[in-house]
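The hints should help you fit chain F with the ligand onto chain Z, whose structure is shown.
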Amino acid sequence: MAEDNSNGKNGNRVGLLQRVKAGVQEDVQSLKTDMPAKAKEQVEGLKDPTKTQVFTSIFRHKHDDTPRNRALGVLSNVFLHLHPAKINRDAVRYSYTWGMGGITFYLFIVLTFTGVLLMFYYHPTKVQAFRDVLYLEHDVPFGKLLRNMHRWAAHLMVIAVWLHMFRVFLTGSYKKPREFNWNIGVLLLVFTLLLSFTGYLLPDDQLGFWAVTVGTNMARATPMLGHEGPFGKMMGMTPYNDVRFGLLGGSIVDANALLRSYIWHCIGIPIVASVLMIVHFWRVRKDGGISGPAQVMLTAEGDKPRRQV
Amino acid sequence: MDWKQLWEICSAPDNVPIVGMIPLLIFYCYLAWKQAKANDDLIGELETNPALAKTHHRKSWPFRPGWQKEVHVWPFLLRIEFLATMIVTIILMVWSITLYAPLEEPANPNLTMNPAKAPWYFLGLQEMLVYFDPWIAGVVMPTLIIIGLMIIPYIDTNPLGSGYYTWKQRKFAIGTFLFGFIILWVSMIIIGTFIRGPGWQWFWPGQTWDHNRLIYEVNRDLPDLFGIASNAGKAIFGAIVVGAYYVLGGFGVHAFFRRYNPKDYKRMSLLQYSLMQFFLLTMVALPLKMLLRLGFNIKYVWITPWFNV
Ligand code: HEM
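These protein sequence lines are chains Z and F, in that order.
Everything in the first sequence is counted per this note's numbering, starting at 1 for the first residue and increasing by one.
Everything in the second sequence is counted per this note's numbering, starting at 1001 for the first residue and increasing by one.
Keep in mind that a hint or two might mislead.
[As the list claims (entries may be wrong)] Beta-carbon label-pair distances, calculated as ranges:
(1) T112/Z / F1082/F: 41 to 49 angstroms
(2) Y1154/F / L298/Z: 20 to 28 angstroms
(3) P1205/F / L298/Z: 46 to 54 angstroms
[Unchecked claim] No farther apart than 25 angstroms at their CA atoms in a straight line, the calculated lysine-lysine pairs in the DSS-like style are these:
(4) K1069/F / K286/Z
(5) K1069/F / K86/Z
(6) K1299/F / K1289/F
[To be verified] Here are some, though not all, of the chain F residues that point toward chain Z, as calculated from beta-carbon distances under 8 angstroms:
(7) P1017
(8) L1042
(9) R1058
(10) L1077
(11) E1081
(12) A1107
(13) N1108
(14) M1150
(15) Y1165
(16) F1177
(17) F1307
Since the hints were made in silico from the structure, they are not lab data.
Don't be surprised by glycine CBs; every beta carbon is placed ideally from N, CA and C.
For reference, chain Z alone in the conformation it holds in the complex (with noise of 0.2 angstroms):
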């Protein structure tokens, strides 16, 4: 074979040297004129990352200030198409909201947080609970933090939905069209007190445990369901299959109650309480939005059918 190829036959061989030799000049020479064109060119595109396909395949629109844009930033985003492109300029004002409903759904983000964190180090068992509360305070790094934003985050929570419903209410916010809103709201302030209540057990110290007995004996006075209560005898009603036995998983505040205050505290009233601010604030768009400040009505325009702003 070699015979033949050194035999006039052979401009393959030269050739085929000749050929890569000026293939690999080509690419050297290809790197030396086009890497830095490229790299040019990607600089210069990364002044504006807002023309990369990246950027663009995450935000669905232009990013220049425009009111277009300005619109689009709100209502392309899922999180904060909650809010209308435009709202009435007097809306925004602090004075008139007090800002109390988002505040208290910071803190139930706040308190999701730091849960799921607190969680990692938690066991809902009589032997291991108030030991891991223990070890949170002393070993595990910011656990002191950790645990002292939660307890805080909650009591704040509990104060900002009162003043949340003290705003609607002297703001007549509750009227026509929101009267359904005001009842979610309810129930919303109802599953705050209970996700606070239900937490309070689980450090499993005498504050939460007698905290607790208090709470849940009063179970015990139901009338009809509970063995104490009016017609609860009458009813058959025993220590061992009343509504308080429901609550508490036995007849005392003890391991089973400790596993479903864990339960109803981080899974349970948690997720209720999402699905019914997803109503929430749902219903607050629907609903016209925020309800003013709108323009004040004379008592004459009060005996007509309603006005509409």
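Okay, now just chain F with the ligand, sitting in the frame of chain Z:
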């Protein structure tokens, strides 16, 4: 004056939220009042000047013709929301770094906490236990509070004051709500936190908590005062007293409501009117029972074999 005792109560970590809530409530009451006054002044002016009422922009904030009625959510609302989350986060951080969440001894069913207090937001209910049996204070009252809140939008037929702060247009509604929320709910929480000591006894702020204090209270029942001894007599007497309260009280409310709220009275259906009456009278029954108990040492009004009121 026992300052140490007072400080111990006020600085107990779980009581700090209440100490903080009081100034917050006062501030927001003031903020609402300020805006209500401005609106009421404007309404007064427009009522007497129909020509102005036709052209006026109808808000107590200055408004220039030509201003846009609506503003973009991005950035005008989102920047406020962002700021609010930052401020809340900073408050929470500082609070969590400086104040530690309480952790008592491990739960011990054999060692009763004295006083054993519910979490602060339920202290109103616990305080009610002094005046009512658990089935009322712990079960019936909370249920009625929730239902009462829920029906508010359906029994308030006043179309005025929707979407703006006002006092003059909604005196009855706002007065009732303030009575229920501030006078009953919040102040009972304050009593439960700051006044009630060991044995759930009354200790004035600054009085030392004496764990051995005994109070000899001779509690009487209302039928005893009238010399009624037989069980049937007590049951019938109580039913008459409670019935008379609702009938006479209802009549009093009727006389007042028809005179001072003639328009609402006319608009309300029979169902709306009777619900309003029932919930109002039930709410007022609480301070009345408190008065009977604290002023006259009367425990029960109505005694039956099944339940006592
Ligand atoms: C977890 C609890 C709650 C959350 C997260 C929440 C959140 C919100 C938010 C973000 C708004 C928009 C306006 C604002 O910020 O004021 C709102 C409006 C409203 N909320 Fe809530 N809320 C809660 C509980 C309640 C409660 C307890 C009530 C009443 C009993 C209530 C009744 C209403 C009503 C009627 C509106 C419409 C107000 C208007 O159009 O001016 N909400 N809520």
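We went through each hint and held it up to the structure:
Between T112/Z and F1082/F the beta carbons are some 19 angstroms apart, a value that contradicts the proposed interval 41 to 49 angstroms. Remark: the range hint 20 to 28 angstroms for Y1154/F to L298/Z is upheld by a beta-carbon distance near 25 angstroms. Between P1205/F and L298/Z, the C-beta spacing of about 47 angstroms keeps the proposed range 46 to 54 angstroms intact. Between the alpha carbons of K1069/F and K286/Z the distance comes to roughly 20 angstroms, so the proposed pair stays at or under 25 angstroms and holds.
Distance check on the hinted pair: K1069/F and K86/Z sit about 10 angstroms apart at the alpha-carbon level, within 25 angstroms; holds. For a cut-off of 25 angstroms, the pair hint linking K1299/F to K1289/F stands: about 9 angstroms separates their Cα positions. With a least beta-carbon distance of about 4 angstroms to chain Z, the hint placing P1017/F at the interface is held under the 8 angstroms criterion. With its C-beta approaching chain Z no nearer than about 6 angstroms, L1042/F sits inside the 8 angstroms limit, and its interface hint holds.
Because the smallest distance between the Cβ of R1058/F and any Cβ of chain Z comes to about 3 angstroms, under 8 angstroms, the interface hint for this residue holds. Taken as an interface hint, L1077/F checks out: its beta carbon lies about 5 angstroms from the nearest beta carbon of chain Z, inside 8 angstroms. Taken as an interface hint, E1081/F checks out: its beta carbon lies about 6 angstroms from the nearest beta carbon of chain Z, inside 8 angstroms. For A1107/F, the suggested interface contact is upheld, since its CB lies about 4 angstroms from the closest CB of chain Z, less than 8 angstroms.
Proximity of N1108/F to chain Z holds as hinted, the smallest CB-CB distance being about 6 angstroms (cut-off 8 angstroms). Annotation: M1150/F was flagged as interfacial toward chain Z, and the flag holds, the nearest CB pair being 5 angstroms apart, inside 8 angstroms. Contact between Y1165/F and chain Z, as hinted, is supported at the beta carbon level, the nearest pair being about 6 angstroms apart and thus within 8 angstroms. A least Cβ separation of about 5 angstroms between F1177/F and chain Z falls short of the 8 angstroms threshold, and the interface hint therefore holds.
A hinted interface residue such as F1307/F counts as satisfied when its beta carbon comes closer than 8 angstroms to some beta carbon of chain Z; here the least separation is about 4 angstroms, so the hint holds.
Violated hint for the displayed structure: number 1, the only one.
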